[in-house]
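Line order of the protein sequences matches chains D and A. Using our numbering, the letters of the first sequence map in sequence onto residues 1 to 292. Using our numbering, the letters of the second sequence map in sequence onto residues 293 to 584.
If you are wondering where the hints come from, they were derived from the structure by calculation, not from laboratory data. One thing to keep in mind: the hints can contain errors.
[As the list claims (entries may be wrong)] Using C-beta positions, here's what the derived DEER-type ranges look like: (1) A/P409 x D/L290: 37 to 43 angstroms; (2) A/G423 x D/Y64: 30 to 36 angstroms; (3) D/Y61 x A/R403: 30 to 36 angstroms; (4) A/T541 x D/L290: 27 to 33 angstroms; (5) A/E556 x D/P221: 38 to 44 angstroms; (6) A/E556 x D/R241: 18 to 24 angstroms; (7) A/G479 x D/D71: 32 to 38 angstroms; (8) A/P564 x D/V60: 34 to 40 angstroms; (9) D/I292 x A/V382: 25 to 31 angstroms; (10) A/P564 x D/E256: 28 to 34 angstroms; (11) A/T541 x D/K102: 45 to 51 angstroms; (12) D/N242 x A/R403: 44 to 50 angstroms; (13) D/D71 x A/P409: 18 to 24 angstroms; (14) A/Q344 x D/L161: 45 to 51 angstroms.
[To be verified] Counterexamples of contact, computed for chain D against chain A with all Cβ distances above 12 angstroms: (15) L93; (16) K136; (17) L144; (18) E265.
[Unchecked claim] Only part of the chain D face toward chain A is listed, based on derived beta-carbon distances under 7 angstroms: (19) T34; (20) N36; (21) E45.
Using N, Cα and C, we set each Cβ at its ideal position, and we do this for glycine too.
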Amino acid sequence: MTDRNPLKIAIASGKGGTGKTFIAVNLAALIGETSNILLVDLDVEEPNDALFIEGTEGQVYNQYSLVPKWDENKCIICDICSKSCKYHAVARLGDIIAIFGKLCHACHACSELCPQDALPMTKHKIGEIRKIVSGKITLVEGRLNPGEEQAVPLINKTHDLVRCNTENVPMQIFDCPPGTSCPVVAAVKRCDYLVLVTEPTPFGLNDLKLAIKTARQLKIPAGIVINRDGLGNQDVEEWCRNEKLDILVKIPYDREIARLSSGGELAYDKLDFLKPLFANLFVAIKNKALSI
Amino acid sequence: MKEIVILSGKGGTGKTSVAASIAILAGNSAVIADCDVDAANMHLLLKPDFKQGSDFYSGEMSVINNEICTACGLCKEKCRFDAISSTDKVFSIDLFSCEGCGYCEIICPARAITLVPRKTGKLYISGTRAGSQMVHATMEPGAENSGKLVSVVKQKAKQMAEENGLQWVIVDGSPGLGCPVVASMAGASMVLLVTEPSVSALHDLKRVNEVIKNFHLKTACVINKFDINLSITNEIREFLEKEKISHLTDIPFNNAVAKAMADERTMAETSPEMTFIANSIWSSIKTSLIES
């Protein structure tokens, strides 16, 4: 959180399906009408932004994690490796060293502590990062291979790739995974400001409270978007007021938004009431994020 | 004893809503497990009494004793998670980045680093308003190993079902396809997918199905809000047929359900029509599992 240029905005929520992707793609598209914008899909388990942003597919970068590979000719079965592994990814079975790659966190301890160099770290493909360009919008998407269980390494690699390619953009929007555990933290911790998308239901409120708890521990300032306003009750708004949280915008509960989004269409430019709301959201984010 | 796991890929498609409806219908013949430990919501609908709670520790984290530390910097150099930083030769560990691999503890020449157990959440065993027992959890924000907590919740639920000679374990899973999802489906009798007709939900359904196929599990699906976009509903039906996933039923979009959820009631308790649909889902599941 040292360099603030470009401004890094994370779109997240505790609960899934509250409209993170809807907010991220429509906001990016609105900004992209007039200036360059970078949209980054960090929901690597289920990335959906590309379904809404039609463009030319640019480079695809294969992504790898490193896992140890046992070299039985060099190994002297000293067992230092399995004793050093906290994840049970390296185990000694008689005079065999077994590697369970899915449990490995790539800490390198076994590999570097091995006195025989019998556990070199080798590449294992976990997914890819794609780049899609559509007018002034550049979309960078992390996509985990189904069957891979650890999202965090790919999220970090996507962040790294974006950081190395700081293009000429004033703002970067990061569409984050749902939940409150390690993938969300990896996604939001490098951002300057957090936009939490919720819905006015007991579920939305319950999970918003969890998300705010996480944001406060990470010390990232956050504002709230209430999506599907009118669906439930006033409890979310009341809670936000009591907690002195900024409500950046309220998007009404509307079947037409649901219909457009379900077909993979952007909605902000097709419904008259929606474009000003996204414009307000953009201004609100800029004002809040820059006043920190 | 049979175990049904409810999954979706995409968040917010109605997993919890369907799972809680089934739980209401199963009454005291089932043990309920809320395995969406990241953003648990089942308690809002089933009103568990939080009768027994216990702290849950999983994994470890490093702590530096700065009085012994010689500021050699080896730990920082070796840490693959960028969890160690220093200012004015005072080293500190970022607990959100530390993955508890313990490499720093092993290599610290001054023995200034120790690993301590990490509290990741709280585990509860409750009675619900449906007359069933329920195992659920809350997680510390940003905690590692939510997959481990999922496994513990599930194991506990299965053990309780076995001890009490109960026929069913109903597991509400998390969105995505990473480690909590894999942990929730390990050893299940059946996966029930809840999807909705949107390009995002279908995309995510296909990806999570790739993971389910690795486990060779019996799989069924319900399409929620099927009438929002009939052409995508047809695409989903074709996909289900091609993948030999049994298509149990379609649930219509219904404002009454949205209102009922806001009042913390399940779909099964909304209207005669919705009760009928919930009953048909539950009886199809029972039939298909009892036959096998």
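A quick look at each hint next to the structure:
no.: 1; hint: A/P409 x D/L290: 37 to 43 angstroms; in the structure: holds, 41 angstroms
no.: 2; hint: A/G423 x D/Y64: 30 to 36 angstroms; in the structure: violated, 51 angstroms
no.: 3; hint: D/Y61 x A/R403: 30 to 36 angstroms; in the structure: violated, 41 angstroms
no.: 4; hint: A/T541 x D/L290: 27 to 33 angstroms; in the structure: violated, 50 angstroms
no.: 5; hint: A/E556 x D/P221: 38 to 44 angstroms; in the structure: violated, 31 angstroms
no.: 6; hint: A/E556 x D/R241: 18 to 24 angstroms; in the structure: holds, 22 angstroms
no.: 7; hint: A/G479 x D/D71: 32 to 38 angstroms; in the structure: holds, 34 angstroms
no.: 8; hint: A/P564 x D/V60: 34 to 40 angstroms; in the structure: violated, 52 angstroms
no.: 9; hint: D/I292 x A/V382: 25 to 31 angstroms; in the structure: holds, 26 angstroms
no.: 10; hint: A/P564 x D/E256: 28 to 34 angstroms; in the structure: holds, 29 angstroms
no.: 11; hint: A/T541 x D/K102: 45 to 51 angstroms; in the structure: violated, 35 angstroms
no.: 12; hint: D/N242 x A/R403: 44 to 50 angstroms; in the structure: holds, 48 angstroms
no.: 13; hint: D/D71 x A/P409: 18 to 24 angstroms; in the structure: violated, 34 angstroms
no.: 14; hint: A/Q344 x D/L161: 45 to 51 angstroms; in the structure: holds, 46 angstroms
no.: 15; hint: L93; in the structure: holds, 21 angstroms
no.: 16; hint: K136; in the structure: holds, 23 angstroms
no.: 17; hint: L144; in the structure: violated, 7 angstroms
no.: 18; hint: E265; in the structure: violated, 9 angstroms
no.: 19; hint: T34; in the structure: violated, 27 angstroms
no.: 20; hint: N36; in the structure: violated, 26 angstroms
no.: 21; hint: E45; in the structure: holds, 4 angstroms
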